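J.: Listed here are the chains, written in short residue letters.
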Amino acid sequence: MALLAIRDLVTQFKSSAGPFNAVNGVTLEVERGEMVGLVGESGCGKSLTLRSIVRVLPRGARIAGGQILYEGNDIAHLSSGNLTRFRGREISMILQDPMSALNPVYTVGAQLMETLRETRGLRGKAARQRAIELLRLVNIPDPERRLESYPHQLSGGLSQRVVIAIALCAQPKVLLADEPTTALDVTVQAQILKLLKDLQKQLQMAVLLVTHDLGLVAQTCSRVAIMYAGRVIEEGTVEQIFESPRHPYTVGLIESIPLVDGPLHTRLPAIPGSPPNMAKPIIGCAFAPRCPLASNECREGTIPLYDVAPQHRVACGKHALVSKHSVIYGVRANAAS
Amino acid sequence: MRYLGGRCISSAIALLLVTFVVFFLVHLIPGDPVSVMLGQHATPSTVAALRHAMGFDQPLFGQYWLFMSKLFSGNLGDSISYQQPVFGLVLGRLQATLFLVAYSIVLSLLLAVPSALIAAVFREKPVDYALRMGFLVAIALPSFWIGTLLIYQFSLKIHLFPVAGYGDTFTGHLSSLFLPAFTLALGQWAILGRNLRSALIDVLQLPYVEFARMKGLRGSTVLFRHVLRTSLGSTVTIIGINLSFLIAGTVVVEHVFSIPGSGNLLVNAVFSRDYPIVQGVTLVYATLVILINLVTDFVYPALDPRVALT
Amino acid sequence: MSQIATTPVQTQVARIRSPFAFRLRRGKGRGKLYVGTLIVGAIAVLAIFSRVIAPFDPITQDLTSQFLPPSHAHLFGTDQFGRDVFSRAVYAASLDLQIAFLGTLFCMLLGVSIGVVAGYFGGIVDLIAGRLIDVVTAIPGIVAIIALIAALGSSMLNLYIALAVTGWTAYARLARGEVIAAKNLQYVQASRALGYTNRRIVLRHILPNVITPPLLFWITDMVGTVLLVTALSYLGLGPQPPTPEWGAMISEAQPFMLMAWWVPLFPGLGIVIAGIGLGLLGDGLADFLRPEVG
Ligand SMILES: Nc1ncnc2c1ncn2[C@@H]1O[C@H](COP(=O)(O)OP(=O)(O)O)[C@@H](O)[C@H]1O
Ligand SMILES: [Mg+2]
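Chains as they are written, first to last, in the working numbering: chain A, 273 to 609; chain B, 131 to 440; chain C, 388 to 681.
Hints are not guaranteed to be accurate.
[Stated by the list, open to error] DSS-like mimics (lysine-lysine), calculated; alpha carbons at most 30 Å apart, straight line: (1) K286(A) / K255(B); (2) K466(A) / K445(A); (3) K255(B) / K552(A); (4) K469(A) / K445(A); (5) K397(A) / K473(A); (6) K590(A) / K552(A).
[As the list claims (entries may be wrong)] If you want the footprint, here are the derived chain B segments under chain A, 3+ residues with CB under 8 Å: (7) 323 to 337; (8) 345 to 356; (9) 422 to 436.
No lab work stands behind these hints, which were simulated from the structure alone. All values reported here derive from a predicted model rather than from experimental measurement. We treat Cβ as the ideally placed atom computed from N, Cα and C, and that holds for glycine.
Based on the provided sequences and hints, a complete structural model is requested.
T.: This is how it looks when you write it as structure tokens:
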């Protein structure tokens with residue numbers, strides 16, 4: 273049984289034009305201790321999926337359907353008291369911009385120790401000792417001194433390390449990381465990613481990593497889920513996704529990964545068109561309007577998830593026809609000019 | 131630091147200009163100020179004596195010089211009706227006024243903080259609408275009318291509080307000044323409550339508040355330690371800005387509740403044409419406002435470490 | 388990767404949010420605006436047509452009908468001189484609203500002029516205006532007015548003078564800030580480069596941009612000024628008895644409160660309702676005109 277299994281999750285926004293499903297049937301599994309990548313264009317509902325898991329939603333959003341099974345128990349409808357006991361201790365989450373995730377009026381130490389106090393019951397010397405250990409764990413030099421720092425005195429990379437340390441206070445089994453490196457300098461991004469990878473191995477902690485960089489996923493994760501318009505449209509191991517993608521959208525994404533050894537200034541072939549307007553109900557496959565393989569049956573009903581191989585699921589009726597070479601959006605050689 | 135230095139200088143300039151305004155006030159009196167002050171029955175010799183004592187027989191600049199040099203030795207002239215030095219008289223009455231101001235600030239915070247929290251947390255729900263309606267009404271309430279109604283209800287009909295006065299002991303003050311402080315607090319409640327509500331709503335949506343929830347803090351800890359704590363900075367500023375307004379309010383409320391404060395002294399002085407007292411109270415109030423605003427400028431950085439270091 | 392990632396999203400988010408945000412904006416101030424306009428309109432009608440609406444003369448005494456409780460004949464009862472409280476309250480509305488309206492109008496004219504001049508010319512002019520604002524705001528409003536009236540004497544003209552001299556600073560601050568922002572706008576700099584006169588630039592280009600915040604504040608300011616003026620007359624420093632005036636009516640009625648609660652009650656309600664109406668109108672307009680929903 274998966275540690276965390278999300279089934280048909282629907283998260284709704286209220287709007288004056290009626291509710292719309294920003295997360296529209298996400299199905300996703302995370303096993304104990306593994307690192308899973310969640311990839312998709314921005315606006316496709318990645319953050320909202322993660323926020324639904326810990327139920328820290330923006331105003332106007334609510335979970336309207338589906339299950340979130342943690343160790344087999346549905347946590348989508350926990351009372352707020354139980355939810356508090358669940359957050360941080362079982363599943364913790366870190367945000368895109370570490371600078372704004374820390375309260376500017378408290379020191380790093382205060383923010384670590386309040387978390388230790390409420391989640392672990394640690395106070396005084398013990399809390400301080402543990403806070404120092406945590407800062408050491410995330411490779412912050414001179415942790416005793418850092419405890420006294422205010423957030424505005426830290427660089428972006430240091431802040432993200434502090435945020436990670438705080439998220440780990442209560443030893444969660446799952447860490448949800450929402451684009452943890454997007455807001456950081458390029459040089460720091462790799463360091464933070466390596467830290468997350470090391471922590472995942474060292475602490476046997478599952479990590480669900482949101483990113484829109486497929487290349488990065490290939491290096492760090494064992495499994496990948498691809499999201500499009502509020503749905504996970506393909507899920508599989510890194511080899512399955514990269515070697516034998518079965519959704520035309522996935523193929524398009526892989527095609528547009530920059531080649532490290534390719535010619536400079538290569539214009540990447542983008543998938544023509546743009547994602548659908550989520551405010552209107554989506555009938556059939558959301559990707560159909562942009563899909564080179566789409567036919568009439570793609571535009572009706574709901575596309576189910578097909579099991580195409582062990583652990584490999586795809587939401588495409590034409591999956592049998594799809595391969596890396598059968599779906600072509602652009603030709604790299606021609607685009608090089 | 132440079133900012134605070136600049137604030138000190140501009141406060142000093144404002145204070146200097148206030149002394150000039152206060153000095154010039156008596157020259158606005160149509161006709162001869164001295165005969166106006168002494169009334170119709172004054173003999174020519176007393177008029178001449180007072181004129182000389184107040185320096186009116188000198189050129190304007192000389193008069194201001196005299197006024198300022200007396201001011202620096204703590205001399206604001208003598209009251210005509212009380213036959214006493216104005217400075218001592220005003221300071222003696224100031225205690226009740228300051229007690230009233232502090233009391234009403236405390237009461238208004240006790241009312242405003244919980245109601246703003248409730249309104250912000252239950253934003254756009256019926257409680258929020260009710261509280262916002264309450265703020266709107268409270269801002270429109272005339273203190274002298276509410277004060278009058280409160281006296282009618284709680285002093286005359288059920289004798290819960292004294293009708294007038296200031297009391298002799300600390301608890302006496304607390305009980306005597308409860309209704310007046312409450313009257314003043316209603317308006318402050320609305321101003322602070324509104325402001326704090328929108329500050330709380332802004333902060334509630336910030337990422338660090340979301341992260342505080344994600345890391346497993348209890349709802350109450352998030353609300354008090356993270357949301358309220360960072361929103362209070364603006365409340366301190368608003369209290370500072372509104373201080374002048376609050377002091378103005380005490381003038382009316384002291385009159386309604388017959389409190390022996392300096393505001394009451396001022397109003398009575400107008401009727402007895404006791405201009406030195408009018409000048410004295412004006413000067414003391416303006417000094418208070420300037421000083422306290424300066425103090426809030428120094429307090430604010432202590433609430434926000436980001437400001438403190440720049 | 389990031390190419391496909393970022394561009395389409397912008398359009399998607401905008402498409403979903405903008406109709407939503409726009410509705411919200413239009414819907415938001417509306418209720419307040421309607422109710423506020425209704426209340427202010429009703430009081431304005433009462434005030435303007437007080438002579439027609441008031442059933443009794445507000446000043447003539449009738450010692451045979453002292454302290455009559457509210458009834459059909461006397462809607463709000465009668466006072467210690469047998470005068471109809473309703474008629475007096477209606478006349479008082481006319482006087483108090485007129486003072487509040489004109490008083491704040493003078494404040495706005497004075498304040499906006501000072502603010503525009505200070506903001507536009509900057510330098511020493513701005514410095515002097517800044518010090519003036521500091522001084523006036525340092526002396527608590529009603530204290531300054533009392534001091535001025537004490538010196539000048541109590542009359543309608545002096546009341547207006549005192550209100551204008553003490554009440555302009557907020558307008559000046561608002562206008563000054565807006566002018567400094569408008570001055571840096573492209574077209575203003577362009578007209579300056581074209582050699583237009585300062586007067587023309589200020590009147591034709593800057594003032595229209597600058598006037599909205601002071602106009603909005605004007606409505607809120609009237610709430611405060613009604614309170615201020617009625618408080619002054621309550622203290623005996625405003626229009627003198629027997630002139631019907633809300634604050635003076637409350638003050639006169641105070642000694643007889645246990646006997647006749649209705650005499651102070653209704654003038655006070657008048658002040659409160661006027662304040663609520665103006666408050667709703669001001670809030671509603673501000674919500675309505677706010678460029679974006681926060
Ligand atoms: N505060 C909000 N109000 C209204 N709609 C929102 C809000 N936040 C997100 N959405 C909607 O939810 C969709 C998914 O958002 P999000 O999960 O943040 O995307 P991602 O993290 O994949 O970039 C967006 O396309 C947008 O339409
Ligand atoms: Mg996101």
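J.: Run every hint past the structure and note whether it holds.
T.: Consistency of the hints with the structure:
no.: 1; hint: K286(A) / K255(B); result: 15 Å, holds
no.: 2; hint: K466(A) / K445(A); result: 19 Å, holds
no.: 3; hint: K255(B) / K552(A); result: 28 Å, holds
no.: 4; hint: K469(A) / K445(A); result: 14 Å, holds
no.: 5; hint: K397(A) / K473(A); result: 29 Å, holds
no.: 6; hint: K590(A) / K552(A); result: 24 Å, holds
no.: 7; hint: 323 to 337; result: holds (count 3)
no.: 8; hint: 345 to 356; result: holds (count 8)
no.: 9; hint: 422 to 436; result: holds (count 4)
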